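Asks: The chain contents come next:
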Amino acid sequence: MKKYLLSFALAFMSLTAFAQADYEKIMSEKIAKIETCKTVEDFQTLANDFQRIGSKESGKWLPSYYAAFSYIQKGRVMMREGKTQDLDEVANQADKHLATAQNLAGADNAEIHLLKKMAYSLRMMVNPQQRYMTDGMKAAEELQIAEKLDPTNPRIALIKAEDIYFTPEQYGGSKTKGIEMFKKAADQYNSYKPKSSMDPNWGKGEAEYFISQPAK
Amino acid sequence: MKTQKQKLLFLFAFLSFLLSVAQVKITGKVTYRNKGVGEINVTLKGTYDGATTDAGGKFSFETTEKGNQTLTFTHPKYNDIEKSIVIDNQDISVDAELKEQINEIDAVVISAGSIEASDKKRATALLTPIDVYTTAGADGQISSALTYLPGVQKVGESEGLFIRGGTGTESKIFMDGSLINNYFSSSVPGIAGRDRFNTSLFKGNVFSSGGYSALYGQALSGALMLESVDLPDQSSYDFGISPIFLSGGFQKLSEDKNHSYGATLGYSLLSLMQKVLNFNTDFINAPEGLNGDANFRIKTKSGGFFKYYGMYDTNKMGVRAASLEPGSDYALVRINGKNTYHNLSFKQKFGKYLLNTGASYSYNRSDLNFSGETNDIESAKTQLLTTGNYINFKAVLERKINKISAVRGGFELNNTDEKLNFEDVKKHYQDFISSVFAETDLGFSNQLSAKIGVRAENSSFLNKSNIAPRLALAYRLAQNWTTSFAYGLFYQNPESKYINGPASLDFQKSQHYILQLQRTSEGRSLRLEAFYKKYDQLIKVKNIANIDSQNQPVQTAINNDGYGYAKGLELFWRDKKTFENIDYWISYSFLDSKRDFMNYPVSLKPNFASEHTLSVVGKRFIPEWKLGVNLSYTYSKGRPYYDIASKDVNGNVVNFTRNEGRLKDYNALNLSFNYLPNLGKKDSKVFTVFVLSVSNVLGTKNVYGYNFSQDGSRSSAVVPPVNTFVFVGAFISFGVDKTQDAINNNL
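Residue numbers (the working numbering), protein chains in the order written: chain G, 1 to 216; chain L, 1001 to 1747.
Please note that a few of the clues may not be correct.
What the hints assert, rightly or not - Keeping only pairs whose Cα atoms sit at most 25 angstroms apart, straight-line, the calculated DSS-like set for lysine-lysine is:
#, chain 1, residue 1, chain 2, residue 2
1, G, K148, L, K1257
2, G, K160, G, K38
3, L, K1066, G, K56
4, G, K175, L, K1045
5, L, K1626, G, K177
6, L, K1685, L, K1626
7, G, K175, L, K1685
8, G, K204, G, K177
9, G, K160, L, K1685
The hints are simulated quantities; they were obtained by calculation from the structure and are not laboratory data.
Note that the structure is predicted; figures quoted are calculated from it, not measured.
Could you build the full structure based on these sequences and the hints that come with them?
Replies: Have a look at this one:
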């Protein structure tokens, strides 16, 4: 009888473990995809995948976080392709998921604040001249909060480096300065340990890519 | 025992085999109006399984789930769909037909007759403060910048928006819903008054050149609805300096970002520029002005929002012109104007209802002094003193019906109390106009929407009422093409300036028909508009007195027998996309108009209506140099001019045209530069803009009209005060230094 109970308990444990593993498995699988996505459609598909996971795992913040991140990446691809007029819509979607993520993870999550910064930056790009004072300021604010919460986070360093890298020299930016900052970010990546295998850990490749670029 | 173990093993193997083959493939196609739709999120509810449709609407995924399941199809632009399916061992195919979700972003916008400039409506966004400041030749004034849009006539000698064959007084300007009386500064005949309101006070606007909403009234031609800024983004101090003015101001935002207050003070004097530039106008007193304003904004705990704006200004000038009358060498006119305007608005949401109220009070005093000068001796002055008190109150309650439909209704009260003193004449004019209105926005689909409204007004002075229906429709023809139509009846009281004697008068009336075709795509917009406007019951006037040595007779309205029409075609093209860092627009207006009103003896082409108006505005920003280069050009075909006199025919006073002709065509090329040295500097606390603008670079000698002597034998041209004007100025703003806060917070 004892034996049966034990095996039953074991079976039950393995079952929950199996479910847990399933979540981790699918998340790891999708997170790994972030690096391989290239097009607007790729990122939309990924965003949908995370959304799907999020609707099943409604108590976990990471699926929403990654759904938002996928939307932001989608927006950044659109920006590079010059489709700035539709960025509001993309930022809206990202914000929706970020709100869910923040509800679950709390307001002191630096990773979420960083994504909020990125969403505001996307909005600003719709009409930079006009939105510099509003969305641009809000983006700077979010970045400040993120930095205060987690000063050693390499992703914050990465985004700051990007901002400098893409700002023309006359506006206080520079490629050389940007690359210096990417190097600093890369250093931070080397010493940064994500909380779990699923926690945000993106951006190292990007830092390395920029470091490999010629300064001029 | 062994065999049992083997059996068990076999069972496990079999089970896992079963599991592995139990993957069922679910495929299908998602369509909207028989076309495949991409990016649809297809999910087997409550599982991780699902897929995203490809560009052709197709999807495919595998699942191990069994039994009764639900498949969901979601996309922000369409209504969610759920489909029950039973998963067996066979692959399944499930197709879904989407229903469009009606939403604000995709809904077709009614734009016949109107151009909305807010950040949200970017495609056609025009005349945001930055647009105004970077339009060469606009002098940073909203009303001037509007003349570069289709439908607005270039009339240099008089203030006001001359829209589609309408006079300057047939358009009204509103701030946060409340009427602004005396939007323009008081001026002397022949020189246009200036905007009293600072352009950067407004964050957006809706400019309607016809067929406007039932919420507004008392304008036969068009309306400009200005929307004032909300809470500032941060506290700041601003200074402006130029040879013609000095100004300073501040905006203070509270720590909790729930309220703000601010004030500005400015002084302007033209005399320095007079010494440098060659003026046409002989100013005995150079235009001089002092203005101050104050504002506060409060967000209440319950979500309400109060906005107050108040201003006070004075302006003075004196002009000497060669007299056309015998017995004096010069005609002198001096003006001394004082004005104050206060506007308080409040809005709050109550569940599905949105309440918008606004009250404004304004006081205006214009003291005109006329005199003659002979052999350096000035004659006694004749004073024309007008004072006015105006109160406006408006309340609008709106209820949303669904995402894009709404009903709104409310009332507006307008009290006018004016006094005029001119020699022995003491006039006291009072009018109380009460209006009620209702309007509904009906969004039938993202393709079709309508706006139906009605407005009723009662004027205590006229002792009459009117009912004005308004209607507008918009239909999307294709992705980027929309068409809209607007119709409306509009009423306006006769201008109090012409009420100087007893007469039985009525509302003046106009009818608008507007048809528009618009194409909007990323960074480009094209508009074609055709309109027909019919005027009835316009006032007719007669001369009752002449002011000594002046050529502007005092007139009084005698009846509403006037009538007229205006019809035309307009084209507008704006393109921000084709050339990098270049934003340009072209507008062309064709106008055919005739009216018999005021003192016109017969139906004539009005002297403020030009048949062809073309303007081109170009703005190029050179990021490397932090420099903006702006260019604008306006051409307008010469307007007609008339010298209308009256004579006695068998005891009846009959008007006749003594002289008439056509002005030469108007041309002006304007250029301006903005240099922003601190642009993009990280952590910069100072933002500076240097402005250099030259209006009418080519020095074209434009003529706005002719004045005739009382006997018609002599005439003089009405010309701009200066042919070419040069403006230099610096605008400096300081964001409040946050270093102190940063230090305090980190200690």
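Asks: Is the Cα-Cα distance between L/K1685 and L/K1626 25 angstroms or less?
Replies: holds, 17 angstroms
Asks: G/K204 and G/K177 were given as a pair; does the straight-line alpha-carbon distance stay at or below 25 angstroms?
Replies: holds, 18 angstroms
Asks: Would you mind confirming whether the straight-line C-alpha gap from L/K1626 to G/K177 stays at or under 25 angstroms?
Replies: holds, 21 angstroms
Asks: Quickly compare the C-alpha distance for G/K160 and L/K1685 to 25 angstroms and report which way the hint goes.
Replies: The hint holds at about 20 angstroms.
Asks: Is the Cα-Cα distance between G/K175 and L/K1045 25 angstroms or less?
Replies: violated, 48 angstroms
Asks: If you draw a straight line from the CA of G/K148 to the CA of L/K1257, is it 25 angstroms or shorter?
Replies: Distance ~21 angstroms between G/K148 and L/K1257 Cα, so the pair holds.
Asks: Take the C-alpha atoms of G/K160 and G/K38, compute the straight-line distance between them, and say whether it is at most 25 angstroms.
Replies: Status holds; Cα separation ~22 angstroms.
Asks: Assess, step by step, whether the Cα of G/K175 is no farther than 25 angstroms from the Cα of L/K1685, and give holds or violated.
Replies: Judged against 25 angstroms, a Cα distance of about 24 angstroms means the pair holds.
Asks: Verify the proposed pairing of L/K1066 with G/K56, using a straight-line Cα cut of 25 angstroms.
Replies: Cα-Cα ~17 angstroms, so holds.
Hint 4 alone, counting from the list given before, is not met by this structure.
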